[in-house]
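Protein chains: 2
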Amino acid sequence: MRIVITGGAGFLGRRLADRLLARGVLRGVDGVDAAIEQITLVDVVAPAPSPDSRIVPVVGDIADASLLARVVGPGTGSVFHLAAIVSGMAEADFELGMRINLDATRLLLDVCRQTGARPRVVFASSVAVYGGDLPEPVLDGTALNPQTSYGAQKAMAELLVADYTRKGFIDGRAVRLPTITVRPGKPNAAASSFASGIIREPLNGLDAICPVEPDARLWVLSPSTAIEGLITAHDMAADAFGFSRSVNLPGLSVSVGEMVAALERVAGPTVASRVRWERDPRIARMVAGWPGACDASRARAMGFPGDDTFDQIIRDYIAEHVP
Amino acid sequence: MRIVITGGAGFLGRRLADRLLARGVLRGVDGVDAAIEQITLVDVVAPAPSPDSRIVPVVGDIADASLLARVVGPGTGSVFHLAAIVSGMAEADFELGMRINLDATRLLLDVCRQTGARPRVVFASSVAVYGGDLPEPVLDGTALNPQTSYGAQKAMAELLVADYTRKGFIDGRAVRLPTITVRPGKPNAAASSFASGIIREPLNGLDAICPVEPDARLWVLSPSTAIEGLITAHDMAADAFGFSRSVNLPGLSVSVGEMVAALERVAGPTVASRVRWERDPRIARMVAGWPGACDASRARAMGFPGDDTFDQIIRDYIAEHVP
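Just so you know, the sequences run in chain order A and B.
The first sequence begins at 1 in this note's numbering and counts up by one.
The second sequence begins at 324 in this note's numbering and counts up by one.
Rather than coming from a laboratory, the hints here were simulated on the basis of the structure.
All values derive from a computational prediction rather than experimental measurement.
A portion of the hints provided could be inaccurate.
Straight-line alpha carbon distances no greater than 25 Å define the calculated SDA-like cross-link-like pairs of lysine to any residue that follow [what the hints assert, rightly or not]:
1) B:K490 <-> A:M302
2) A:K167 <-> B:L419
3) A:K167 <-> B:P604
4) B:K490 <-> B:A392
5) B:K490 <-> B:E360
6) B:K490 <-> A:M89
7) A:K167 <-> A:G242
8) B:K490 <-> A:D280
9) A:K167 <-> B:R422
10) B:K490 <-> A:K167
Given the sequences, and given the hints that come with them, work out the whole structure.
The structure is reproduced here in structure tokens:
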């Protein structure tokens, strides 16, 4: 069993690789678990070195068809496609977002198709595919109406995954990730970056700016549950998806004010007081367009895991990342 | 006011051009009606010659960026993008469908963007963007879940139109056309071709094969009302669209059996008896995936016209096309 992870040097990609290495097996194209022999991490930057010989780093541009053809072959049973230009950057640089979020996805699916092996492809989509006049909660059958270029590109990529699957070119599965929080490390250009920053920075003794109002509602998921969701999507039997290969993972619906209140419960008022409220209209507008809650009953019925409480997400982050 | 119609040699394209010539004016990018000076008809085949000097035929491949750059310029106020690979052909030739239905649409929008003039772009989408487990009727807020490559490509193109519009690159409007019937001329490779054939051929004294069951339900629109819908979409104020630039035109929901019964009422039992029922599983499967009825209340509230009865659609066809 050989696996390719795009965006493999990123936070989720590297964490997924570690989880797969620890797991040791993954469902093969024949539906039977097989030992993982190799995990190729493709990214524009080199991943942190791994002592595990099963990890093969490949540095390059995933919009380059020749690179993709080099890393995906007839022996590739599974592809986790996580590489993306994040929301804030895709909004600022339209061409770059189209090239990576749409064109590279299509190239990747074409390369998978050319292997003739019909690999399982797990695509990391996003709740940013939703927008406009949204029902509360958003349903799996709610129309995709993205109000960002990132969301539009993810929605188009989902349509590609679905049609390539229907045609029998690949065996695709698209999971719509909620906002992943709490991420370690530094802020990034995602409009949702603050959703980690307002927890992470105060725990590190730093002030954090919250660019949205306390009542702004987010649909969130912890990193570890997101990773389990990607693996669950991969291993699931094809017919469990029915008419749609896209699924909303079970997130938690929390307001930003509730997130900071949870931080105060878990880490105390001094830590929570490091959050400063400074509204940024550009970010507030993008976030306001995303769903604050989704109906996850389909995902739960399919067996996707969720988080229990945001307090627990913070405690897990502290246990793993705060000395 | 200079207009470009892609697919301009086709049935709808040519008919739209004639209607625009007769009308003489069209809403400009400034929101004011302006006299039509030129209509460029772009198509892979030459359109029937026109005595009207405002018609400029251009024969070429709309997936060719240089051709598009030649026909769309800063003086282009409006583009009607009707060119497409029809459903049956897009299913048989995946690459061709992607190249024309997706790539050429994107090239066209890019060329429109490059003019800097933010032209009005009316995109002919299709109810084939819907599929899977559909509510009856399908709502404007129902998720796009195409079960054909044609539908997937139209859905992706709608997302492009919406995002290019949101970014201010164009002023786009996508109308989801019901099955257009009764079309004159010959059968084509659309899976819905029979929906015209079962009326047209019997009226011409020929037998027609119906490849679906009598209870198969179609969402249909007459050619002339479809043309009015395209023009209505073009002339509508931008803010009338709200959060979505895609709209389901008001069709009629009729079963194929009801269509043949209407033919018998209008043209008599001898004519209607020329319909032969021979199920074609490939076509029946594609048609079964399309909505049989849509909720057109949004389109009607916006002022889009509909047809009264299928009997009237047949009578109009006879008046125009049957000697």
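Okay, the hints, checked on the actual structure:
1. B:K490 <-> A:M302: violated, 37 Å
2. A:K167 <-> B:L419: holds, 15 Å
3. A:K167 <-> B:P604: Holds - the C-alpha atoms of P604 of chain B and K167 of chain A are around 17 Å apart, at most 25 Å.
4. B:K490 <-> B:A392: Holds, at about 21 Å.
5. B:K490 <-> B:E360: Given that 25 Å is the threshold and the Cα spacing comes to 29 Å, the pair is violated.
6. B:K490 <-> A:M89: With a Cα-Cα distance of about 14 Å, the restraint between K490 of chain B and M89 of chain A holds, given a limit of 25 Å.
7. A:K167 <-> A:G242: This hinted pair holds, its Cα atoms lying about 15 Å apart.
8. B:K490 <-> A:D280: holds, 19 Å
9. A:K167 <-> B:R422: Holds - the C-alpha atoms of R422 of chain B and K167 of chain A are around 17 Å apart, at most 25 Å.
10. B:K490 <-> A:K167: Violated: K490 of chain B and K167 of chain A sit about 33 Å apart, past 25 Å.
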